[in-house]
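*Asks:* The primary structure of each chain is shown beneath.
2 protein chains.
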Amino acid sequence: MQFTINRSSFIKALNNVNRAISSKTAMPILSGIKLVLENNGLTLTGSNTDISIETTIPTTDDQADLKVLEPGALVLPATFFTNIIKRLPGQTFTLNNDNGFQAKITSENAEFDINGQDAANYPHLPEVEIQNSLTLASETLVEVINQTVIAVSKQLSQPILTGVHFIIAGGNLTAVATDRHRLAQRTVALDGDMTATADIIVPGDSLNQLQAMLLEVETVDVRVSENQVIFQLGTNTTFYSRLLEGNYPDAARLIPTEKRTTLTINSRDLLQTIERAALLSHEGRSNVIQFTVNDDRSMISSNSPEVGRVEEQIFAAETAGDELTISFNPDYMREALKSFGDEQIQIGFKTALDPFTLVPTNNETNFIQLITPVRTY
Amino acid sequence: MQFTINRSSFIKALNNVNRAISSKTAMPILSGIKLVLENNGLTLTGSNTDISIETTIPTTDDQADLKVLEPGALVLPATFFTNIIKRLPGQTFTLNNDNGFQAKITSENAEFDINGQDAANYPHLPEVEIQNSLTLASETLVEVINQTVIAVSKQLSQPILTGVHFIIAGGNLTAVATDRHRLAQRTVALDGDMTATADIIVPGDSLNQLQAMLLEVETVDVRVSENQVIFQLGTNTTFYSRLLEGNYPDAARLIPTEKRTTLTINSRDLLQTIERAALLSHEGRSNVIQFTVNDDRSMISSNSPEVGRVEEQIFAAETAGDELTISFNPDYMREALKSFGDEQIQIGFKTALDPFTLVPTNNETNFIQLITPVRTY
Numbered sequence: 004m005q006f007t008i009n010r011s012s013f014i015k016a017l018n019n020v021n022r023a024i025s026s027k028t029a030m031p032i033l034s035g036i037k038l039v040l041e042n043n044g045l046t047l048t049g050s051n052t053d054i055s056i057e058t059t060i061p062t063t064d065d066q067a068d069l070k071v072l073e074p075g076a077l078v079l080p081a082t083f084f085t086n087i088i089k090r091l092p093g094q095t096f097t098l099n100n101d102n103g104f105q106a107k108i109t110s111e112n113a114e115f116d117i118n119g120q121d122a123a124n125y126p127h128l129p130e131v132e133i134q135n136s137l138t139l140a141s142e143t144l145v146e147v148i149n150q151t152v153i154a155v156s157k158q159l160s161q162p163i164l165t166g167v168h169f170i171i172a173g174g175n176l177t178a179v180a181t182d183r184h185r186l187a188q189r190t191v192a193l194d195g196d197m198t199a200t201a202d203i204i205v206p207g208d209s210l211n212q213l214q215a216m217l218l219e220v221e222t223v224d225v226r227v228s229e230n231q232v233i234f235q236l237g238t239n240t241t242f243y244s245r246l247l248e249g250n251y252p253d254a255a256r257l258i259p260t261e262k263r264t265t266l267t268i269n270s271r272d273l274l275q276t277i278e279r280a281a282l283l284s285h286e287g288r289s290n291v292i293q294f295t296v297n298d299d300r301s302m303i304s305s306n307s308p309e310v311g312r313v314e315e316q317i318f319a320a321e322t323a324g325d326e327l328t329i330s331f332n333p334d335y336m337r338e339a340l341k342s343f344g345d346e347q348i349q350i351g352f353k354t355a356l357d358p359f360t361l362v363p364t365n366n367e368t369n370f371i372q373l374i375t376p377v378r379t380y
Numbered sequence: 004m005q006f007t008i009n010r011s012s013f014i015k016a017l018n019n020v021n022r023a024i025s026s027k028t029a030m031p032i033l034s035g036i037k038l039v040l041e042n043n044g045l046t047l048t049g050s051n052t053d054i055s056i057e058t059t060i061p062t063t064d065d066q067a068d069l070k071v072l073e074p075g076a077l078v079l080p081a082t083f084f085t086n087i088i089k090r091l092p093g094q095t096f097t098l099n100n101d102n103g104f105q106a107k108i109t110s111e112n113a114e115f116d117i118n119g120q121d122a123a124n125y126p127h128l129p130e131v132e133i134q135n136s137l138t139l140a141s142e143t144l145v146e147v148i149n150q151t152v153i154a155v156s157k158q159l160s161q162p163i164l165t166g167v168h169f170i171i172a173g174g175n176l177t178a179v180a181t182d183r184h185r186l187a188q189r190t191v192a193l194d195g196d197m198t199a200t201a202d203i204i205v206p207g208d209s210l211n212q213l214q215a216m217l218l219e220v221e222t223v224d225v226r227v228s229e230n231q232v233i234f235q236l237g238t239n240t241t242f243y244s245r246l247l248e249g250n251y252p253d254a255a256r257l258i259p260t261e262k263r264t265t266l267t268i269n270s271r272d273l274l275q276t277i278e279r280a281a282l283l284s285h286e287g288r289s290n291v292i293q294f295t296v297n298d299d300r301s302m303i304s305s306n307s308p309e310v311g312r313v314e315e316q317i318f319a320a321e322t323a324g325d326e327l328t329i330s331f332n333p334d335y336m337r338e339a340l341k342s343f344g345d346e347q348i349q350i351g352f353k354t355a356l357d358p359f360t361l362v363p364t365n366n367e368t369n370f371i372q373l374i375t376p377v378r379t380y
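In order, the protein sequences belong to chains A and B. Note that the first sequence covers residues 4 to 380 in the numbering used here. Note that the second sequence covers residues 4 to 380 in the numbering used here.
Source of the hints: derived by calculation from the structure; they are not laboratory data. Keep in mind that this is a model prediction, so the values were computed, not measured. Fair warning: there could be bad hints in the mix.
Same chains, same label: a pair holds when it works inside one copy or across any pair of copies.
Below, a list of computed lysine-lysine pairs in the DSBU-like style, where the Cα atoms sit at most 35 angstroms apart [stated by the list, open to error]:
#: 1; residue 1: Lys15; residue 2: Lys107
#: 2; residue 1: Lys27; residue 2: Lys341
#: 3; residue 1: Lys107; residue 2: Lys341
#: 4; residue 1: Lys157; residue 2: Lys27
#: 5; residue 1: Lys262; residue 2: Lys70
#: 6; residue 1: Lys89; residue 2: Lys157
#: 7; residue 1: Lys15; residue 2: Lys341
#: 8; residue 1: Lys70; residue 2: Lys157
#: 9; residue 1: Lys27; residue 2: Lys262
#: 10; residue 1: Lys262; residue 2: Lys353
#: 11; residue 1: Lys107; residue 2: Lys157
With the hints as constraints, model all of the structure from the sequences given.
*Replies:* Written out as structure tokens, the structure reads:
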């Protein structure tokens, strides 16, 4: 194999496939990047078995200015190879493997020989039989991911809860995640094709990696098979993720319908108050803060006798219903509030023992965050 | 004690004294900041026994706008207290300790009570009998520190080598540091008083902290006692450091006088080549690179059979003397080159087994970096 390419175009492709590569992999060859050079382009592949990313730089890409001198394939150690490419002196570089599995990389006066592996030993990407497909605006999918992925479980003991549940039906996409302490759910109406249906659970880690890559494209094609989901980003980059298997709990059942107390407030103002109170609760033994809703004086407070006490009055645009004091983990509240940005939200409580909900005041049905209180005696 | 103060002025003072505070301290009270409020100002103190920093905010500071309501003193947990002050909602805050050792901090609607300790239990700062004093431009001292502190030993088994040796005599200040693998020495002529003399070893850690604070003032008064050095930064901030005791090795004896091979090159260009070669040597078993000096083709190279090989031709402005290939640790070379910035330097070699030197081509006597080669067989 031998090619010459623009270094910054190649670095962009490297950064994408590196998202799938983990330093702690059970298969040593997966710590490498696979390069496959064909007459019409160069394809890079990275994989950690859960996620695989494949991106092709075509010879028609003017900026990349890829010159294919001799097709071939090779696997190179991802981190080491990436660091070398990023440090090369020239704007372009040449790579060849005339010495079998050793790559020679040349750029201006610098010349590296690095040991690689036989591309024939690299595992094949999953072959998938497409059952459903759908085109989405990238911006919409990024928003849906950001609003829900915060609530996935970090506990591997509940594998199914480490993913986000996506349901496509009746012209809507609903995403929901819960770790049993909190829940996040967002529904968006789909444009165009209303007949697509799907019910899949995508690992939170996959969505975190995907989200960053979505920012670079306008639309994304989503294709679903038995145990894989494939996101096609533009014509040149494909993102594969394993799906989680099992039955996701019914989220609708968890969301309370009755509100006996409501409070309307700017999400960013409340976030700052919560972050101050969390400084104290984080130092204490139990990481809990209190929310007191009262017509005259609503406030956030926390008390840890061994460290101290904090109390801050908050100014709600509106409160209604019963007075109430409820205790909860401020970290869940902080992440929920961050998912709203800077907007007016309504917080709805039933009793101090029931989960409470946060919804934007402008569209109550499409986005909801739910937090379970902590019982304090 | 009770005072009101501008929050951002107070945060600046906090950031300074926090430089002396370590989370792993043998004396629990030293994880705190001591506040002493008197009618004419508020003094903050932080200490880790090696370094102590004291800074006073006078009532005459218009920006700080300190209002002393009732003098007093208190020790508050440094990190927790600092985090709270940084997050308070208002531009000013009020602190009082009407409840004994508990501080009440109020800013707009937020109110924190945090547990403190009796200031009477805080250790006294060292009382020092001044033997010598000297005024320096801060910029000069920062430069001297940056050029030498890189060569101090990180090995606690050689305590004396963990400091920089400062010699003031004959109107000159000489600073030297060595970890036995490399050496850095800088001499500057002193303005004004030519009679001051001193011979002290200041811990590298102290100099690293001091350096950052020096950037804020124009001149610094240096006062030396038996076992302490005191840096007076402006009128309000005092930096105390313990001195290391013992006899520092004679640096002059280590610097070779004979040069059989010399090479002149831009330090930044060479730095980039060294950093590329280090990518490979860091992956290999022995972290060593080779420098080949040759009239026709000088180059940097490294070879680790298990990973690969790198070779890069360098373009010297001038080479003279014998051909030579020498092996060394690229990390020492990188730090030495960084201490020069972007300028022409001369590298002087005797043999492949002798230490080699780097000096600026424009003032050979005042600044020298020395690196000991690695023997490779």
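*Asks:* Each hint: holds or not?
*Replies:* To see whether the hints hold, each was checked on the structure:
1. Lys15 / Lys107: Cα proximity of Lys15 and Lys107: one copy only (21 angstroms, versus 52 angstroms across).
2. Lys27 / Lys341: both (31 angstroms within a copy, 34 angstroms between copies)
3. Lys107 / Lys341: between (48 angstroms within a copy, 29 angstroms between copies)
4. Lys157 / Lys27: both (18 angstroms within a copy, 30 angstroms between copies)
5. Lys262 / Lys70: Classified as neither: same-chain Cα gap 65 angstroms, cross-chain 48 angstroms, threshold 35 angstroms.
6. Lys89 / Lys157: Both, since 33 angstroms and 30 angstroms are each at most 35 angstroms.
7. Lys15 / Lys341: both (29 angstroms within a copy, 29 angstroms between copies)
8. Lys70 / Lys157: Neither. Shortest intra-copy (45 angstroms) and inter-copy (49 angstroms) distances fail the 35 angstroms Cα cut-off.
9. Lys27 / Lys262: neither (47 angstroms within a copy, 49 angstroms between copies)
10. Lys262 / Lys353: within (5 angstroms within a copy, 85 angstroms between copies)
11. Lys107 / Lys157: neither (42 angstroms within a copy, 37 angstroms between copies)
Going down the numbered hints, you'll see the structure goes against 5, 8, 9, 11, while the others check out.
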